[in-house]
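S.K.: The chain contents come next:
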Amino acid sequence: MSRYVMIADLNRCVGCQTCTASCKHTNATAPHVQWRKVLDLEVGEFPDVRRAFVPVGCQHCADPPCMHVCPSTATGQRKDGLVTIDYDLCIGCGYCMVACPYQARYKVVEPARAYTGLKRMIHELKREDPKRLKVAQKCTFCSDRIDYGLENGLTPGIDPDATPACANACIADALVFGDIEDPDSNVSQLLAENKWFRMHEELGTNPGFYYLWDGIDQEDKS
Amino acid sequence: MSFNPAAPTLQDTWDWRAAANFIGGGTGTGLLMVTLVAGLLGAPVFMPTLAGLVFVALGLSMVWLEIGRPLRALHVFFNPYTSWMTREAIVAMPLMLCGALALWFQWIGLVVLLAVLAAVFLFCQGRILHASRGIPVWRTPRIVPLILTTGLTEGAAFFLVLMPLLSTEAVAAAGRTVLVLLLALSVMRFGAWKSYRAGLEGDAPLAALQVLRDADGIVALLGGVAPAILAATALAFTGYAIPLGVAAGALAGFGGWYMKAIIITRASYNQGFAIDHSAARGGGKPGPGTKPGW
Chain P
0 MSRYVMIADL NRCVGCQTCT ASCKHTNATA PHVQWRKVLD LEVGEFPDVR
50 RAFVPVGCQH CADPPCMHVC PSTATGQRKD GLVTIDYDLC IGCGYCMVAC
100 PYQARYKVVE PARAYTGLKR MIHELKREDP KRLKVAQKCT FCSDRIDYGL
150 ENGLTPGIDP DATPACANAC IADALVFGDI EDPDSNVSQL LAENKWFRMH
200 EELGTNPGFY YLWDGIDQED KS
Chain X
0 MSFNPAAPTL QDTWDWRAAA NFIGGGTGTG LLMVTLVAGL LGAPVFMPTL
50 AGLVFVALGL SMVWLEIGRP LRALHVFFNP YTSWMTREAI VAMPLMLCGA
100 LALWFQWIGL VVLLAVLAAV FLFCQGRILH ASRGIPVWRT PRIVPLILTT
150 GLTEGAAFFL VLMPLLSTEA VAAAGRTVLV LLLALSVMRF GAWKSYRAGL
200 EGDAPLAALQ VLRDADGIVA LLGGVAPAIL AATALAFTGY AIPLGVAAGA
250 LAGFGGWYMK AIIITRASYN QGFAIDHSAA RGGGKPGPGT KPGW
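Residue numbers (numbering that gives the first Met the number 0), protein chains in the order written: chain P, 0 to 221; chain X, 0 to 293.
By construction, these hints were calculated from the structure, which means they are not laboratory data.
Heads up, some of the hints might be wrong.
Output of the computed footprint for chain P on chain X, the stretches with three or more beta carbons under 8 Å from beta carbons of chain P [as the list claims (entries may be wrong)]: (1) 66-74; (2) 83-94; (3) 123-136; (4) 272-278.
Quick caveat: nothing in here was measured; it's all calculated off a predicted structure.
For every residue, glycine included, the Cβ atom is placed at its ideal position computed from N, Cα and C.
Using the sequences and the hints, build the whole thing.
M.R.: Printed below as a string of structure tokens:
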């Protein structure tokens with residue numbers, strides 16, 4: 000059985016937000032909605048201050064609190080670990096939004112309009128998805144691309160047509176997607192060769208988003 | 000202080016309408032449970048039962064106003080396996096039905112069943128907040144006893160507020176007992192509030208803790224100590240029992256409502272973001288992590 004996860008290499012991420020733009024382009028999200036975004040953080044105290052770029056979004060938790068609280072069963076989990084939302088079932092109660100510790104969910108109540116006061120632009124009209132209005136929405140790990148890839152014999156995380164748009168677009172190879180259940184996969188190898196952590200792991204969500212922060216040297220390995 | 004994109008921010012998904020559900024549901028179910036006590040002592044139960052049901056219904060209608068797709072409201076029943084919101088909705092149905100029957104027949108057996116359903120409904124409300132893992136001041140296990148005790152306190156409080164409208168028979172039968180109840184429950188809620196706040200120290204965003212600290216005067220003193228003193232005074236000076244009881248009830252009820260409004264809408268900062276380590280970057284060395292706002 001597969002479990003798809005995302006890796007963000009903090010050593011590589013330059014905070015360019017290309018993943019953010021790529022996600023918005025691919026998924027046609029509303030102006031203030033960012034299924035994938037990169038936080039630009041200052042860490043430490045003067046004079047030892049450093050900058051960190053941290054990609055965030057839905058962590059596709061193995062034990063997702065959003066799914067447990069959902070009263071309508073709109074939030075579900077696929078066998079490959081992806082946490083999904085059925086827009087036709089969702090009642091837009093927002094319970095999942097307060098249950099998610101990663102602020103990964105959004106609710107848009109009016110059609111997207113980048114410029115308030117002006118009429119909506121052609122692309123906004125063309126790409127509007129009325130099913131997403133007034134319900135919860137979030138990153139899908141581009142499940143449609145994964146499904147397309149699998150149907151056509153491609154490998155998610157390796158073949159671009161089967162890989163989430165954010166990982167495809169990353170200019171620094173900081174975002175890597177793959178199957179953690181496969182010991183030979185790209186993500187399994189990266190996790191074996193690097194030190195990593197997961198965000199808010201203490202909350203018991205078992206997130207599917209790993210952050211690399213340093214390589215494992217030979218002493219550590221031995 | 001400059002904006003920090005990782006720091007916890009105030010959630011705006013659940014607003015005053017959600018708070019109104021916890022207020023209406025808590026007060027209504029508390030009132031139904033206190034009505035059982037009064038009924039067992041021989042007091043007529045019609046008016047407090049009606050008031051309790053109205054509170055619960057008003058609270059639930061506020062939720063209906065808040066959801067994005069109100070015409071799909073029946074979908075709320077789809078997940079009884081894990082969702083406390085579904086369980087609350089499921090319990091609401093027999094609660095209302097049993098309430099209607101209790102109003103019609105005014106049989107104490109139905110009032111007993113109603114009180115049991117009310118207790119389950121109130122428990123669901125506590126668990127709804129506890130299951131909200133994204134909001135530190137809600138997910139603490141101490142929120143459940145707090146919601147239970149404040150619901151009961153508000154119930155006793157509004158029974159006393161209703162006293163001038165109740166028959167002299169009802170006041171004579173149950174007034175003194177409900178005053179004792181309010182006195183005890185005010186003390187219990189004071190303790191639950193203090194325990195709740197103590198449990199959050201070091202385990203919630205600083206901004207949320209500050210909001211709760213600012214609310215302490217109203218919740219603990221005005222909503223806890225003052226009604227307890229007034230209720231004790233009413234018990235001591237029976238000639239003034241009704242006005243003192245009404246004043247005690249009003250303060251205790253207000254204290255509970257204010258507390259829930261603050262917890263739902265003002266202290267509800269989300270988890271924010273955190274990293275355990277910052278990156279080594281090239282030939283450098285890795286650094287510490289950060290968890291701003293905590």
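S.K.: Can you give the numbers of the hints that this structure goes against, from lowest to highest?
M.R.: none
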